[in-house]
Amino acid sequence: MEKLINEFSIGLFFWQLVLFIGLVLLLRKFAWKPILDAVEKREDGIKDALDSAEKAKLEMTNLQADNEKLLKEARAEREAMLKEARDIKNNTIETAKGEAQEQANKIIEQAQAAIESEKKAAMEELKNHVASLSLEIAEKVVRTELSNKGKQLELVETMLAEKTSK
Amino acid sequence: MQNIISRKTICLFFLMVTAFSFAKEEKHEGEGDIKTEIKEYINHHLLDTHDFSLTSYTTDAGEHKYIGFPLPVILWDNGLKVFSSSKFHHGESVAEVNGDYYALYHNKVYKTDAAGTIDLDDHHHPTNVKPIDFSITKNVFTIFLVGLFMFVMFSRMAKKYKTGSMPKGMGRFLEPIILYIRDDIAVPNIGVKKYKRYMPYLLTVFFFIWIINLLGLTPLGVNVTNNIAVTLALALITYFLTTFTANKNYWGHIFWMPGVPTPMKIILAPIELLGTIIKPFSLMIRLYANITAGHIVLMSIIGLMFIFKNWIGSSLSFGLAFALSLLELLVAALQAYIFTMLSALYFGSAVEEHHDDH
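So the protein sequences, as listed, match chains A and B.
Each residue of the first sequence is one higher than the last, beginning at 92 in my numbering.
Each residue of the second sequence is one higher than the last, beginning at 366 in my numbering.
Chain A with its partners taken away, still in its complex shape:
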């Protein structure tokens, strides 16, 4: 310890203190501050770049998901449209069928009505024809069988009734 104190040099102590404090102050201004600032700036830059890359990646995934969704929607829409078209087609066919049936029915009805009226007309004609025919027959009968006038008239009438009821 005595040797230490003996060796202690106040001059060296003084110069070391002066130099070192000066060196710290000088280096702080001209070296450490610019170096540390530059390093920090670079680190921040790297961090920002990484962050933005991460963000871009996230956006990309979002975009992809959006695309997927859009695609799905489009597909669904197409499906719906197709279904609608099919329905419309079916409907159209159905209505067309119905209308056609109706038309057909109508035509058939008309035809039936026409047939009926024709039939009636024919019947009338036939009746008239039969009447005239009967008259002719009656004339003939009357001509030939005038003797038994009452009996023969009765016969004619029964025959006529039979003919008309047929």
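These are calculated hints, taken from the structure and not from any lab test.
Only a predicted model underlies this, so the values are computations on that prediction, with no experimental measurement involved.
Careful, some of the hints might be misleading.
DSBU-like cross-link-like pairs, simulated, lysine-lysine; straight-line CA separation at most 35 Å [said to hold, decoys possible]: (1) A:K124 x B:K533; (2) B:K558 x A:K138; (3) B:K644 x A:K146; (4) B:K559 x A:K120; (5) A:K120 x B:K525; (6) B:K527 x A:K138; (7) A:K138 x B:K561; (8) A:K124 x A:K138; (9) A:K148 x B:K533.
Following the hints, position chain B against chain A.
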């Protein structure tokens, strides 16, 4: 790979030069007193000197020749006295300045008379008046040189960052170290919020101690960190920085330790107060002792080469010296790291925020 090889070569070269310059010193000495000669040489090496001499030798005529240059001597002795150390002739003669006489005794300047008498007391300590010595000694010269070197190196490195954010040249090697000090020493010990304030000091002290320790391993013979004055100056700065930047919480823990009974608080206060001084004191002693011990052991083993004077012994001690030099290279960085680390730890305790968990 090539870098590693060339670095090894440089280390080996320095070691050989160290041994060589040492060998030159001893060449002309008699064999009998070689042990005392080596002891004296080591002691001499550990001391500061007033001139920058790389090596010295003795001519055939018995005259000491020194290779080096003188440095200015600055004394405060009833006024400022400045003269060149060449006046001392390496301690062999008395320097006369304005009617006052000064002589060197064990590398210290003493006031004396024209004949250069040094009066010794019973303990072989000179009783002469010792003027206050502000000389630019070898160590002062070296620390200024290191300071200049650091300033040039780091300010140039800083300039390179202005052109681009990537390190160039020296920066590639230095930036990882700076980042290491920031991320593994300053931030964990001091905390993210306040570490920036201490960064200039921590960085400067780390590189300063490291460079100066490495310089001590070169054959230049400079040996700064084994001066207690240097380590005291560094430890004092750490102490003052800790003390003056400390917050209420720090002083609260020293004078009125929370969470212990009142009598204990009274007992703990002086202990804690003493602790604040012991911490920087240990910093001072640790650096001083490690470097001094390293130098003594290394030089003793190199000295063994000249004591053995035979093929096996000398080559063995050369191998040992080589291994030890490598160890000293590690110690040079390690001591710088420890000093920085502990300083950061003390700063951290000074600015620590209040915790309720104890």
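Hints and how they fare:
1. A:K124 x B:K533: With Cα atoms ~17 Å apart, A:K124 and B:K533 stay inside 35 Å; holds.
2. B:K558 x A:K138: With Cα atoms ~19 Å apart, B:K558 and A:K138 stay inside 35 Å; holds.
3. B:K644 x A:K146: Violated, at about 49 Å.
4. B:K559 x A:K120: holds (18 Å)
5. A:K120 x B:K525: holds (15 Å)
6. B:K527 x A:K138: Holds: B:K527 and A:K138 sit about 20 Å apart, inside 35 Å.
7. A:K138 x B:K561: The given pair, whose Cα atoms are some 20 Å apart, holds under the 35 Å limit.
8. A:K124 x A:K138: holds (21 Å)
9. A:K148 x B:K533: At roughly 33 Å apart (the allowed maximum being 35 Å), B:K533 and A:K148 satisfy the hint.
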